[in-house]
Amino acid sequence: MIDFLTHPWPWYFGGIMIALVLFLLLWTGKSFGMSSNLRTLCSMMGAGKNVSFFQFNWRAQQWNLIVSLGVIAGSFLASNYIVSTHDVVLSEQTIEQLASIGIQDAGVGFAPEILFSNDAFANPYILLLLTLGGFLVGFGARYAGGCTSGHAISGLSNLQLPSLIAVVGFFIGGLLVNHFILPLLF
Amino acid sequence: MMKTIVFFLIGVLFGITLYMSEVSSWFRVYEMFQFDSFHMYGVIGTAFFFGTVVVFMIKKLKVKSVFDGNSIAIVDKEKGWKRYLLGGIIFGSGWAISGACPGPMFSLLGAGFYPILIVIFSATFGTFCYGLFRSKLPH
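Each protein sequence line maps, in turn, to chains A and B.
Heads up, the first sequence is in this note's numbering, so the first residue is 177 and it goes up one at a time.
Heads up, the second sequence is in this note's numbering, so the first residue is 7 and it goes up one at a time.
Just so you know, these hints were derived from the structure itself, not from any lab.
For clarity, every value in this text was computed on a predicted model and none was experimentally measured.
Treat the hints loosely; a few may be bogus.
Claimed, not checked - The calculated label-pair distances, taken between Cβ atoms and stated as ranges, are:
hint	chain 1	residue 1	chain 2	residue 2	range
1	A	Met-177	B	Leu-123	44 to 52 Å
2	B	Phe-62	A	Phe-232	46 to 54 Å
3	B	Phe-73	A	Leu-361	43 to 51 Å
4	B	Val-69	A	Thr-182	28 to 36 Å
5	A	Met-220	B	Trp-87	16 to 24 Å
6	B	Met-8	A	Phe-356	18 to 26 Å
7	B	Val-69	A	Leu-360	36 to 44 Å
8	A	Phe-180	B	Lys-88	28 to 36 Å
9	A	Ser-276	B	Ser-77	27 to 35 Å
10	B	Val-59	A	Tyr-257	29 to 37 Å
11	B	Lys-85	A	Asn-294	26 to 34 Å
12	A	Pro-359	B	Val-69	26 to 34 Å
To be verified - For lysine-lysine, the following PhoX-like pairs were computed, each having C-alpha atoms within a straight-line distance of at most 20 Å:
hint	chain 1	residue 1	chain 2	residue 2
13	B	Lys-142	A	Lys-206
14	B	Lys-66	B	Lys-9
15	B	Lys-142	B	Lys-85
16	B	Lys-88	A	Lys-206
17	A	Lys-206	B	Lys-68
18	B	Lys-70	A	Lys-206
19	A	Lys-206	B	Lys-66
20	B	Lys-88	B	Lys-9
Note that CB positions come from ideal geometry on N, CA and C, so glycine has one too.
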């Protein structure tokens with residue numbers, strides 16, 4: 177049991193736990209959607225003064241910011257005290273493909289060094305990539321009215337056609353960038 | 007205060023799940039878009055399957071909210087397609103680069119990958135820009 181929980185979780189267990197999180201949030205009378213926190217952060221920082229989209233009572237969304245703080249704490253616990261190995265066991269094809277586009281550390285560690293080690297802070301080009309990726313995620317999530325949790329989990333579970341369209345969009349954008357843009361970036 | 011602790015603990019559970027199931031790993035997102043592994047599809051598919059059961063049962067059994075006893079309202083998404091398709095494509099493009107959607111952003115911060123702060127700041131700025139240009143975009 178302990179062994180099962182401290183090794184990287186198999187897909188079915190991860191999926192069940194995400195469904196449990198969805199249930200707990202619905203049961204407490206809330207909803208499951210992480211990207212709305214970004215809108216709340218904008219509103220908290222005073223964006224409502226100039227832009228009506230951010231004029232709402234952000235204090236009513238504090239519960240979701242608390243969930244985010246919990247996510248930070250949970251992943252801190254998992255990475256420091258629970259997990260037995262940080263290495264993500266990837267498929268051979270992915271490891272070779274990544275090596276061919278210039279990312280040599282696939283299969284070792286949890287995230288590529290080039291993007292997520294502290295050296296990235298000293299590399300203006302990597303900072304630009306992270307900024308671009310984040311900008312598109314934040315802009316796109318709000319434009320689409322949700323992200324992976326809001327559409328792919330909550331929306332699809334409620335059999336919402338708009339969420340299916342959004343998820344198709346996620347994959348159109350993701351596949352195009354993954355196959356045609358990423359090889360040019362590194 | 008009790009509610010705050012409950013929401014925090016739900017977040018802790020989600021944060022542990024995102025890390026332990028490797029959903030917040032950039033590598034896993036790359037592998038998903040390469041169709042080289044079933045892992046991410048399995049996670050999302052299982053969550054969708056049990057999520058559908060959860061939503062169906064909540065509606066069927068008219069489950070009440072645990073805090074205030076009110077009925078649980080599961081709001082339908084607004085009809086339409088343009089915003090979902092266009093916003094989705096923009097979101098997916100960013101997801102492929104940063105390897106992190108909004109949940110995993112917080113997860114990676116907790117796991118000590120500090121450059122994700124840049125992603126969180128720019129995602130917040132991206133959200134601000136959407137709010138700024140919202141009236142000019144097709145919805």
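So, going through the hints one by one against the coordinates:
Distance hint for Met-177 of chain A and Leu-123 of chain B: a CB-CB separation of about 36 Å, inconsistent with the stated range 44 to 52 Å. Under the hint 46 to 54 Å, the C-beta atoms of Phe-62 of chain B and Phe-232 of chain A, about 31 Å apart, miss the expected range. Remark: the range hint 43 to 51 Å for Phe-73 of chain B to Leu-361 of chain A is upheld by a beta-carbon distance near 46 Å. Val-69 of chain B and Thr-182 of chain A have their C-beta atoms about 33 Å apart, which keeps the hinted 28 to 36 Å range intact.
Taken as a hint, the range 16 to 24 Å is violated for the pair Met-220 of chain A and Trp-87 of chain B, whose Cβ atoms sit roughly 31 Å apart. For Met-8 of chain B and Phe-356 of chain A, the hinted distance range of 18 to 26 Å is not satisfied, since their beta carbons lie about 50 Å from each other. At roughly 50 Å, the beta carbons of Val-69 of chain B and Leu-360 of chain A sit outside the given window of 36 to 44 Å. Separated by about 45 Å at the C-beta atoms, Phe-180 of chain A and Lys-88 of chain B break the suggested range of 28 to 36 Å.
A beta carbon spacing of about 54 Å between Ser-276 of chain A and Ser-77 of chain B contradicts the range 27 to 35 Å that was offered as a hint. Taking 29 to 37 Å as the suggested C-beta distance range, the pair Val-59 of chain B and Tyr-257 of chain A conforms, at roughly 32 Å. For the pair Lys-85 of chain B and Asn-294 of chain A, the supplied restraint of 26 to 34 Å is violated, since their beta-carbon distance comes to about 46 Å. At about 48 Å, the beta-carbon gap between Pro-359 of chain A and Val-69 of chain B misses the expected band of 26 to 34 Å.
The suggested pairing of Lys-142 of chain B with Lys-206 of chain A is violated, with an alpha-carbon distance near 31 Å, which exceeds 20 Å. This hinted pair does not check out: Lys-66 of chain B and Lys-9 of chain B have alpha carbons roughly 26 Å apart, beyond 20 Å. Annotation: proposed proximity of Lys-142 of chain B to Lys-85 of chain B holds, straight-line Cα distance about 19 Å (limit 20 Å). Proposed proximity of Lys-88 of chain B and Lys-206 of chain A is contradicted: the alpha carbons are some 27 Å apart, above 20 Å.
About 15 Å separates the Cα atoms of Lys-206 of chain A and Lys-68 of chain B, which keeps this hinted pair within 20 Å; it holds. Proximity of Lys-70 of chain B to Lys-206 of chain A is assessed by CA-CA distance (about 12 Å); at most 20 Å being required, the pair is judged to hold. Taking the CA atoms of Lys-206 of chain A and Lys-66 of chain B, the gap is near 18 Å; set against the 20 Å cutoff, the hint holds. Using a Cα cut-off of 20 Å, the hinted pair Lys-88 of chain B and Lys-9 of chain B is violated, with the two alpha carbons roughly 37 Å apart.
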